[in-house]
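Asks: Can you make the complete structure from the sequences, with help from the hints?
Chains as they are written, first to last, in the numbering used here: chain E, 15 to 130; chain L, -18 to 210.
Treat the hints with caution; some may be incorrect.
To be verified - Derived DSSO-like pairs (lysine-lysine); straight-line CA-CA distance at most 30 Å:
| hint | chain 1 | residue 1 | chain 2 | residue 2 |
| --- | --- | --- | --- | --- |
| 1 | E | Lys125 | L | Lys158 |
| 2 | L | Lys43 | E | Lys92 |
| 3 | L | Lys53 | L | Lys104 |
| 4 | L | Lys72 | E | Lys45 |
| 5 | L | Lys53 | L | Lys29 |
| 6 | L | Lys116 | L | Lys193 |
| 7 | E | Lys125 | L | Lys104 |
| 8 | L | Lys49 | L | Lys158 |
| 9 | L | Lys53 | E | Lys89 |
| 10 | E | Lys125 | L | Lys69 |
| 11 | E | Lys92 | L | Lys29 |
| 12 | L | Lys53 | E | Lys92 |
| 13 | E | Lys45 | L | Lys73 |
| 14 | E | Lys77 | L | Lys69 |
| 15 | L | Lys73 | E | Lys92 |
| 16 | L | Lys112 | L | Lys69 |
| 17 | E | Lys77 | L | Lys72 |
| 18 | E | Lys100 | L | Lys43 |
| 19 | L | Lys29 | E | Lys77 |
| 20 | L | Lys31 | E | Lys45 |
| 21 | L | Lys49 | E | Lys100 |
| 22 | L | Lys112 | E | Lys45 |
| 23 | E | Lys125 | L | Lys73 |
| 24 | E | Lys100 | E | Lys125 |
| 25 | L | Lys72 | L | Lys116 |
| 26 | E | Lys45 | L | Lys102 |
| 27 | L | Lys193 | L | Lys49 |
| 28 | L | Lys73 | E | Lys100 |
| 29 | E | Lys100 | L | Lys69 |
Simulated from the structure, these hints should not be mistaken for lab results. Source: prediction; values computed, not measured.
Chain residues, written in single-letter form:
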Amino acid sequence: MKKNSIFPALLILLSVFASAVWASEAEDNYKNFCWQCHGMTGNGMGVNVQDMSVQPRDHTSAKSMGGRSDADLFKVIKEGGLAIDKSVLMPPWGGTFSDEEIHDLVTYLRKLCQCR
Amino acid sequence: MKHFVLIASLMATGSALATDGDAILEQRCAGCHALSGPAAQSVPELWKRKGPDLFYAGSKYKDNWLEKWLVKPRRIRPAGYHYVQHIKPGKKRDMVDMSTLTPHPVLSAEDAEDVAEALMKRKAPADLITKGDFKGGSISASFGEMVFSTFNGCMACHEIEPNFGGLSGPEVYTAAKRMQEDYLVSYIRNPQAWNPKTPMPNKHTAEQNIQKIVRYLQALAKENWDEKK
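Replies: What follows is the structure, encoded as structure tokens:
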């Protein structure tokens, strides 16, 4: 009995570890690719914004991030601002990320705005 | 006899093919620059590299620029390499943390010539670059700017003149001085083919607009920016 209980415990441990890895990958991706415009805190005030004609979205604001479905967020990250009739300044990232990585970024954005 | 000793000692050290330039690269540059591929395959791996990859330098840089810059290097990326490691939160927006940016090592004219020669021998894989990919032609600076900034949003990350434009990418007003036109076409078409984790997105720029943008970069590079700075 005792022997058998090790296995599920190990599985749980493994899956906790794996999801931590995913979360940190999404965080690295957000830093390397999104910080430049959306900023180190995600507030839309990145190092590039001074001469940009449209301000990047504040990802920490539930007000400006709420009301969008996960599918909406997925689409704008993969295909860029133009695909949702927004600014060309929001780039398409389909050439950079796999679909799975984009889903993880959507989850990460939900954490930043603490909104649905 | 003298010849025999020379050949024997070359064979013994195995350096018969390595030039002075290669030796300098190994000793003074390899700590920061990758001299052999592949490019970084993950973001943490990318962040460990202290300077841009040089293993395809011969397909990227213009020979005469390379030699001059190594003698008198000046900053190309306003926020350093990697921008992520050189920014700090500011009052209104994130700012470049200038205190973390260091000057580039300088070479003597003689070493620069040897190093440039050794670098120009390092070519990209043939499938990445096509000779004659840039078709030539010219464009007015104002129309070029429209294609670059308004239609394609490239200015968000690149300065098109000193102190105007984005800071996370390299300045582009000197891009055509630094880099071969065929490389520019290839890189803009698919940056990830060169560096899978580059912060530059593939904007799926239409083929004729890529040509226009490279013409625009050539027009920008004609100005004497050093004087204006």
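Asks: Hint by hint, note whether the structure agrees.
Replies: A quick look at each hint next to the structure:
About 44 Å separates the Cα atoms of Lys125 (chain E) and Lys158 (chain L), which puts this hinted pair outside 30 Å; it is violated. This hinted pair does not check out: Lys43 (chain L) and Lys92 (chain E) have alpha carbons roughly 34 Å apart, beyond 30 Å. Proposed proximity of Lys53 (chain L) and Lys104 (chain L) is supported: the alpha carbons are some 24 Å apart, at most 30 Å. Annotation: proposed proximity of Lys72 (chain L) to Lys45 (chain E) holds, straight-line Cα distance about 20 Å (limit 30 Å).
Pair hint Lys53 (chain L) plus Lys29 (chain L) holds up; C-alpha atoms about 26 Å apart against a cutoff of 30 Å. Proximity of Lys116 (chain L) to Lys193 (chain L) is assessed by CA-CA distance (about 10 Å); at most 30 Å being required, the pair is judged to hold. Only pairs whose Cα atoms come within 30 Å are accepted, and Lys125 (chain E) paired with Lys104 (chain L) is rejected, the gap being roughly 44 Å. Taken as a hint, the Lys49 (chain L) and Lys158 (chain L) pair is honoured in the structure, with Cα atoms around 11 Å apart against an allowance of 30 Å.
For the proposed pair Lys53 (chain L) and Lys89 (chain E), the alpha carbon gap of about 45 Å is over 30 Å, so the pair is violated. Under the criterion of a C-alpha separation no larger than 30 Å, the hint pairing Lys125 (chain E) with Lys69 (chain L) is consistent with the structure, at around 22 Å. For a cut-off of 30 Å, the pair hint linking Lys92 (chain E) to Lys29 (chain L) stands: about 27 Å separates their Cα positions. Pair hint Lys53 (chain L) plus Lys92 (chain E) does not hold up; C-alpha atoms about 41 Å apart against a cutoff of 30 Å.
Between Lys45 (chain E) and Lys73 (chain L), the direct Cα distance comes to roughly 19 Å. Compliance with the 30 Å bound is thereby established for this hinted pair. Between Lys77 (chain E) and Lys69 (chain L) the CA atoms are separated by roughly 26 Å; this keeps the pair inside 30 Å, and the hint holds. A hinted pair counts as satisfied when its Cα atoms are at most 30 Å apart, and Lys73 (chain L) with Lys92 (chain E) qualifies at roughly 29 Å. The straight-line distance between the Cα atoms of Lys112 (chain L) and Lys69 (chain L) is roughly 42 Å, outside the 30 Å bound, and the hint therefore fails.
A threshold of 30 Å between alpha carbons decides the hint, and for Lys77 (chain E) with Lys72 (chain L) the separation of about 22 Å falls inside it, so the pair holds. With a C-alpha separation of about 38 Å, the suggested pair Lys100 (chain E) and Lys43 (chain L) falls outside the 30 Å cut-off, and the hint is violated. Between Lys29 (chain L) and Lys77 (chain E) the alpha-carbon distance is near 37 Å, which puts this suggested pair outside the 30 Å criterion. Pair hint Lys31 (chain L) plus Lys45 (chain E) holds up; C-alpha atoms about 17 Å apart against a cutoff of 30 Å.
For the proposed pair Lys49 (chain L) and Lys100 (chain E), the alpha carbon gap of about 43 Å is over 30 Å, so the pair is violated. For the given pair, Lys112 (chain L) sits about 36 Å from Lys45 (chain E) by alpha-carbon distance, which is inconsistent with the 30 Å threshold. A C-alpha spacing of about 23 Å is found between Lys125 (chain E) and Lys73 (chain L), which places the hinted pair at or below 30 Å, so the restraint holds. A distance of roughly 23 Å separates the Cα atoms of Lys100 (chain E) and Lys125 (chain E); the hinted pair therefore holds under the 30 Å criterion.
Under the criterion of a C-alpha separation no larger than 30 Å, the hint pairing Lys72 (chain L) with Lys116 (chain L) is inconsistent with the structure, at around 46 Å. Taken as a hint, the Lys45 (chain E) and Lys102 (chain L) pair is broken in the structure, with Cα atoms around 35 Å apart against an allowance of 30 Å. Simply put, Lys193 (chain L) and Lys49 (chain L) have alpha-carbon atoms about 28 Å apart, close enough for the 30 Å limit, and the pair holds. Between Lys73 (chain L) and Lys100 (chain E) the alpha-carbon distance is near 24 Å, which keeps this suggested pair within the 30 Å criterion.
Note on Lys100 (chain E) and Lys69 (chain L): the hinted pairing holds, with a Cα-Cα distance of about 28 Å set against a maximum of 30 Å.
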